[in-house]
Amino acid sequence: MQSEITWSTDEHGALIGARVHDGHLSEIEIADNRPARIVITRASGGRVEFKLHGVSRFGLLGFCNGSIVSDVLAWSLTAAPDDAWAMSDNTWRILFSNDLDDADLIAESRKLRASRSTDTLLQITFSYGGAMAFLCERLSVFDLEEK
Amino acid sequence: MLMGIEKLKALHDGKLIALRYEKSGVIYLEMETVAAEKLSVVLAGIYLFAAQNFLEGNIVFEAKVLLPEDVSDDDVDYAAKLEGKDRSAEKLKQEIASRRLSLFLLEPSYGAEIACICSEITVT
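For the protein sequence lines, the chains are V and P, in the order given. Quick note: the first sequence uses the numbering used here, first residue 1, plus one each step. Quick note: the second sequence uses the numbering used here, first residue 1, plus one each step.
Note that these hints are calculated values from the structure, not bench results.
Far from chain V by the CB rule (all over 10 Å, computed), these chain P residues: (1) Leu2; (2) Glu6; (3) Glu107; (4) Ser109; (5) Thr122.
Examples of chain P residues toward chain V, derived with CB under 8 Å: (6) Ile17; (7) Ala18; (8) Leu19; (9) Arg20; (10) Tyr21; (11) Glu22; (12) Lys23; (13) Ala50; (14) Ala51; (15) Gln52; (16) Phe54; (17) Leu55; (18) Glu56; (19) Glu83; (20) Gly84; (21) Lys85.
Heads up, the beta-carbon is just placed ideally off N, CA and C, and yes, glycines get one too.
All chains should be modelled from the sequences, with the hints used to inform the complete structure.
If you want it as structure tokens, here you go:
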């Protein structure tokens, strides 16, 4: 059983509705030809699934067993913050490469915005380091109810 | 513990099909060779994991495992840089040596690059 969560974001891009802050990462599945799944177990015990349709790019950096969720951020690609490359766990660096210098990173992120303007950018950061970022066509969030 | 790692040689020009992380802390990579043979790489006892540049269609240049005694400074620097957490490469080298960890590297022709420092690697 699962029920879809109607989510929104605040002015900083923080995803509202999933209530996964301080939860732990339980599962990730990314495969060709099917939606990617991220499952987070809430601190209170319930499980939440993020389903990402049409993932075109993603990066996973430094997460580890039982990673504790700090922030979940989501933006329409065109609304993602312009200065994200200045942050340490920034979305563009996760999506692209640590090899790129700031100027190249800015150029790459702008190219991406122009070519995939309707996509959604999801970033999950962890309390003890590590972060994931996904670019997808559509994001759905579900409460997974135990039978 | 390392099992079946000689099979990784067949992955040149193959594809990374899927990545799965489970709450047990194990990461599974599903791969396919150019001969369409499916290989599963199981990474457990993970100390560092980083994956970047995943795109639609990820082509492997080389997948390899380096034993603790074969891990060079450049390899450790690469893994630390890919992870981007500002870990000391020197400290990583010490951990690799003292805990007998191995380094799994997936180098791409196109798309995904992966570095994983872990204690168990099984390829089936």
